[in-house]
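Asker: Residues per chain are reported as follows:
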Amino acid sequence: MKLFVEVNSNDSLQVLLESNASILVIGLKGFSGDRLYSVDFDDLESIIETIHHHHKQVCLLFPYIVLQTQFQEYSSRFTKIANMNIDFIACGDVGLGYFMRLNQTNAKLIYMNETMIANPFDAQAFLETGYDLITPAMDITYDKKLSLAQKMPSQALFQLCGTHLISTSKRPLLSAYYDVIETPNAPKHVKLREHNREQSYFGIEDDQGFHVFHEQLLVLDHPHFLQCDYGYLSSLFVPIEETLHWIHLIKTNEFTLENVAKSTTLSVYRGLEETDKGLEAGT
Amino acid sequence: MSVELLAPAGDLLRLKVAFDFGADAVFIGGKAFSLRARASNFTISDIAQGVRIAHERGKKLFVTVNIIPHEDNFEGIEAYLTQLNEIGVDAVIVASIAMGRISKRVAPEMEVHISTQVSAANEYALQFYKSLGFDRVVLARECTLEDVRVLVESQIIPIEVFIHGGMCVNVSGRCTLSNHMSLRDANRGGCAQSCRWRYEVTDLYSGEMLSKPDLSFTMSSKDLNATPHLKSLLEMNVASLKIEGRMKSEYYVASVVNAYRHFMDHHEMLDEENQVAQTLVELSKAASRETFDGFYEKLPHSNSILYGVNGAGVNQDFVGVVRKIDLEAQRMWIEVRNVFQVGDTLEVFGPYHENRQWVVQDMRNDENIELPRAYQPMSLVSLPLITPIEIDEFIRKGTL
Numbered sequence: 001m002k003l004f005v006e007v008n009s010n011d012s013l014q015v016l017l018e019s020n021a022s023i024l025v026i027g028l029k030g031f032s033g034d035r036l037y038s039v040d041f042d043d044l045e046s047i048i049e050t051i052h053h054h055h056k057q058v059c060l061l062f063p064y065i066v067l068q069t070q071f072q073e074y075s076s077r078f079t080k081i082a083n084m085n086i087d088f089i090a091c092g093d094v095g096l097g098y099f100m101r102l103n104q105t106n107a108k109l110i111y112m113n114e115t116m117i118a119n120p121f122d123a124q125a126f127l128e129t130g131y132d133l134i135t136p137a138m139d140i141t142y143d144k145k146l147s148l149a150q151k152m153p154s155q156a157l158f159q160l161c162g163t164h165l166i167s168t169s170k171r172p173l174l175s176a177y178y179d180v181i182e183t184p185n186a187p188k189h190v191k192l193r194e195h196n197r198e199q200s201y202f203g204i205e206d207d208q209g210f211h212v213f214h215e216q217l218l219v220l221d222h223p224h225f226l227q228c229d230y231g232y233l234s235s236l237f238v239p240i241e242e243t244l245h246w247i248h249l250i251k252t253n254e255f256t257l258e259n260v261a262k263s264t265t266l267s268v269y270r271g272l273e274e275t276d277k278g279l280e281a282g283t
Numbered sequence: 284m285s286v287e288l289l290a291p292a293g294d295l296l297r298l299k300v301a302f303d304f305g306a307d308a309v310f311i312g313g314k315a316f317s318l319r320a321r322a323s324n325f326t327i328s329d330i331a332q333g334v335r336i337a338h339e340r341g342k343k344l345f346v347t348v349n350i351i352p353h354e355d356n357f358e359g360i361e362a363y364l365t366q367l368n369e370i371g372v373d374a375v376i377v378a379s380i381a382m383g384r385i386s387k388r389v390a391p392e393m394e395v396h397i398s399t400q401v402s403a404a405n406e407y408a409l410q411f412y413k414s415l416g417f418d419r420v421v422l423a424r425e426c427t428l429e430d431v432r433v434l435v436e437s438q439i440i441p442i443e444v445f446i447h448g449g450m451c452v453n454v455s456g457r458c459t460l461s462n463h464m465s466l467r468d469a470n471r472g473g474c475a476q477s478c479r480w481r482y483e484v485t486d487l488y489s490g491e492m493l494s495k496p497d498l499s500f501t502m503s504s505k506d507l508n509a510t511p512h513l514k515s516l517l518e519m520n521v522a523s524l525k526i527e528g529r530m531k532s533e534y535y536v537a538s539v540v541n542a543y544r545h546f547m548d549h550h551e552m553l554d555e556e557n558q559v560a561q562t563l564v565e566l567s568k569a570a571s572r573e574t575f576d577g578f579y580e581k582l583p584h585s586n587s588i589l590y591g592v593n594g595a596g597v598n599q600d601f602v603g604v605v606r607k608i609d610l611e612a613q614r615m616w617i618e619v620r621n622v623f624q625v626g627d628t629l630e631v632f633g634p635y636h637e638n639r640q641w642v643v644q645d646m647r648n649d650e651n652i653e654l655p656r657a658y659q660p661m662s663l664v665s666l667p668l669i670t671p672i673e674i675d676e677f678i679r680k681g682t683l
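Chains as they are written, first to last, in the numbering used here: chain A, 1 to 283; chain B, 284 to 683.
Honestly, the hints are just simulated from the structure, not real lab data.
Keep in mind that the hints are not guaranteed to be accurate.
[As the list claims (entries may be wrong)] Here are some, though not all, of the chain B residues that point toward chain A, as calculated from beta-carbon distances under 7 Å:
#1 Gln-410
#2 Arg-457
#3 Tyr-482
#4 Val-484
#5 Met-492
#6 Pro-496
#7 Met-502
#8 Met-530
Quick caveat, the model's predicted, so the values are computed rather than measured.
Glycine included, every Cβ here is placed at the ideal spot set by N, Cα and C.
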């Protein structure tokens, strides 16, 4: 299995360059916010070269939607990116992926949208439109993910471990709130807890808006996931040592929920067991 | 080409109201494959009747098939889309490209519109959906006026934009708060609106409490009201202006459609500033939640969020519908919706005449007994006839 591993800082990049990760996932300033280690366009080629020098591949991730005006402003750079020596380009915006294909990028294209592909028919449809890999929706149940893993082990890219995004807003919701309560410089990396519930969530405001992440580590440890050609590790909110430990567990066939739980302060889960409540009248 | 006014309807009554008050097209949800699980969705026979009502008036009916489906949700989809086509539905609104492709295969003449759930926001997204043979794209609500202008001018595919109604605070289709907090799938019609709950905020690293106990953090969005930008959108010649709200009342549908229809029909003749002000007043009469103007002009900030408010209020200004006119007795019969009494100022509004206000002097029941107040919903009371008046016009509290 080739492992995609998110890079969160220059320090973690240095560590991951020496790790067993196969593909390092980085972002681009102005498009990935605080979700990833985001590099300036002008530094992109040298970072790619460095990663390749360490015999690893590069995935450039654009996790969010790209508005038309942003696209126009950046289109010449997008064209250059399409022709850089990048191994994978992952897009959360279907238009950006289409642009890359039109510009004949040599990179493998990934449609990486955390909600849109929730069944094998949509997965197949995206693959037929020029994507090489797709990420199944994060919110489908473990069993449904397992079924997809069996059906498309070479084309489905599952997040095997890590925290994951559960909502994204373009609005600066924390800044807005802080203005209202007159604490304008309060922190932008927070935990949220609904008043009547125990569960907390991570919240980040950055230049792309406000994003909420699940506080539990998702762990997909069934052999069918581990037999796929690719796997993805999200290292946001965890120390780099933990990510290295996950890589070790996977490479030594010891990747289980129990083993991940032993090495983290966060709680762990295998994803949602049910999402069908309240749908009786609609579906 | 004239710009289409597209309105929502949760049942046949609201569908008829939407057309009566000036919608060019109406979108509805079927019993299957549609978001808004709690809306009173349409059976196939209801949809067929809706199509007849629409086509008799030279108007259109669209059906939402806009869930983000799981594998088991595809069961019966071909037969359903075939049926929709056979009964004459003009378009389906889809979020799944697989479902859109199935529709094009089994019903090539029925249009496929791409839902805002996919958050299309740039010309390459439009090209992508065009390349799949789809017919229209509903833009992401995060688009600015400038984004919309460029995308319409590109003429890649007809563009539909939202102008009024509830707003997801998150990028549409990319929120699973409800799934994780309530096990209810937001993208398959079960949204629990977890964004509207109140949250405690602490610093991720220090644990310090950042939110105030008396004014919690929330992501509860105000509703969209794009009136200030309507003239610009009309001049851009977007294909369709869409009003959200399949779960809203007949009064809401009537008031909102009426206000926008009036604006659209008169925008070239009237002074824009006055027309905007007048439309905002009209729309405020049906509002259950505060509004803002969306992303059209600038990135929304605190002015777009409802702090310290629990959900939507209930608008009780709608007092009844004119059901019968007795010219001989010079009385009109009103089907009661909310309480009103003798001495109240009422306003009648409808698609055919300017709004009229008057003070209620006399009210009677069906036994001709005088009543001081009408309070029983759906009962009939009679009032002295005012003219002009039409059956099915709406009556609300006035402001004389």
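Asker: Give a verdict on every hint.
Answerer: Evaluated hints:
1. Gln-410: holds, 6 Å
2. Arg-457: Since the shortest Cβ distance to chain A is 5 Å, the answer is holds.
3. Tyr-482: Status holds, d = 4 Å.
4. Val-484: holds, 5 Å
5. Met-492: violated, 10 Å
6. Pro-496: Since chain A brings no Cβ nearer than about 10 Å to Pro-496(B), farther than 7 Å, the hint is violated.
7. Met-502: holds, 6 Å
8. Met-530: Given a least distance of 11 Å, the restraint on Met-530(B) is violated.
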